[in-house]
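Sequence lines, in order, name chains A and B. Residues 1 to 111 in the numbering used here are what the first sequence spells out, letter by letter. Residues 1 to 114 in the numbering used here are what the second sequence spells out, letter by letter.
Hints should not be assumed to be uniformly reliable.
Below 27 Å or equal to it, Euclidean Cα-Cα: the simulated DSS-like pairs (lysine-lysine) are [unchecked claim]:
1) LYS98(A) / LYS71(B)
2) LYS71(B) / LYS14(B)
3) LYS98(A) / LYS57(B)
4) LYS52(A) / LYS68(A)
Don't read these hints as lab results, they were simulated from the structure. Predicted model only: the values in this text are computed from it and were never measured.
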Amino acid sequence: GNSVTQMEGPVTLSEEAFLTINCTYTATGYPSLFWYVQYPGEGLQLLLKATKADDKGSNKGFEATYRKETTSFHLEKGSVQVSDSAVYFCALYSSASKIIFGSGTRLSIRP
Amino acid sequence: NAGVTQTPKFQVLKTGQSMTLQCAQDMNHNSMYWYRQDPGMGLRLIYYSASEGTTDKGEVPNGYNVSRLNKREFSLRLESAAPSQTSVYFCASTPGQPNTGELFFGEGSRLTVL
Numbered sequence: 001g002n003s004v005t006q007m008e009g010p011v012t013l014s015e016e017a018f019l020t021i022n023c024t025y026t027a028t029g030y031p032s033l034f035w036y037v038q039y040p041g042e043g044l045q046l047l048l049k050a051t052k053a054d055d056k057g058s059n060k061g062f063e064a065t066y067r068k069e070t071t072s073f074h075l076e077k078g079s080v081q082v083s084d085s086a087v088y089f090c091a092l093y094s095s096a097s098k099i100i101f102g103s104g105t106r107l108s109i110r111p
Numbered sequence: 001n002a003g004v005t006q007t008p009k010f011q012v013l014k015t016g017q018s019m020t021l022q023c024a025q026d027m028n029h030n031s032m033y034w035y036r037q038d039p040g041m042g043l044r045l046i047y048y049s050a051s052e053g054t055t056d057k058g059e060v061p062n063g064y065n066v067s068r069l070n071k072r073e074f075s076l077r078l079e080s081a082a083p084s085q086t087s088v089y090f091c092a093s094t095p096g097q098p099n100t101g102e103l104f105f106g107e108g109s110r111l112t113v114l
């Protein structure tokens, strides 16, 4: 069946550092891929998405590219801020499997 | 914009007690979902309702029941709470037709079962 695997956290970085959070998936067909973010005490909210191979999703300085050849959708940001501290979830959607979430990666940014 | 509203936000129960978590959305979405979030396990789907009048089991339905009361409301009931049901519960909705996979979440309900 379909599945999503993301790097375990927690990840701690200094402000202005480069961020990568790895996400790989297993799926049949052509799923859509998402990154959701959960700020402390809140529900998840969509950060970015990509619906087909080679698409790049971007929002708030974050980017992720849908790589079908490596079945990956890694999240990147060039210069993180303290306000980026949150839990990040990679997710996959297909009509067959519905929406599947990874286990989440907690990110903490030091001033 | 209210979006997805869950009540209550916090609840403490004793083992064996029952309770209902309420969820309402004002976005005219067709599909609604209940997830639980546990440390290190991400979100796991309990039940979902693809459209008004239908409900289906997700990954972890045991110990729960749901009711899709109307298009706006989707409730989750614990008939006899157990400590293993201590978790944070999230309700979510999506337009559903077509289903793009983009979910809109409530703020969560933190449940502790003693």
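Hint check:
no.: 1; hint: LYS98(A) / LYS71(B); in the structure: holds (20 Å)
no.: 2; hint: LYS71(B) / LYS14(B); in the structure: violated (32 Å)
no.: 3; hint: LYS98(A) / LYS57(B); in the structure: holds (12 Å)
no.: 4; hint: LYS52(A) / LYS68(A); in the structure: holds (9 Å)
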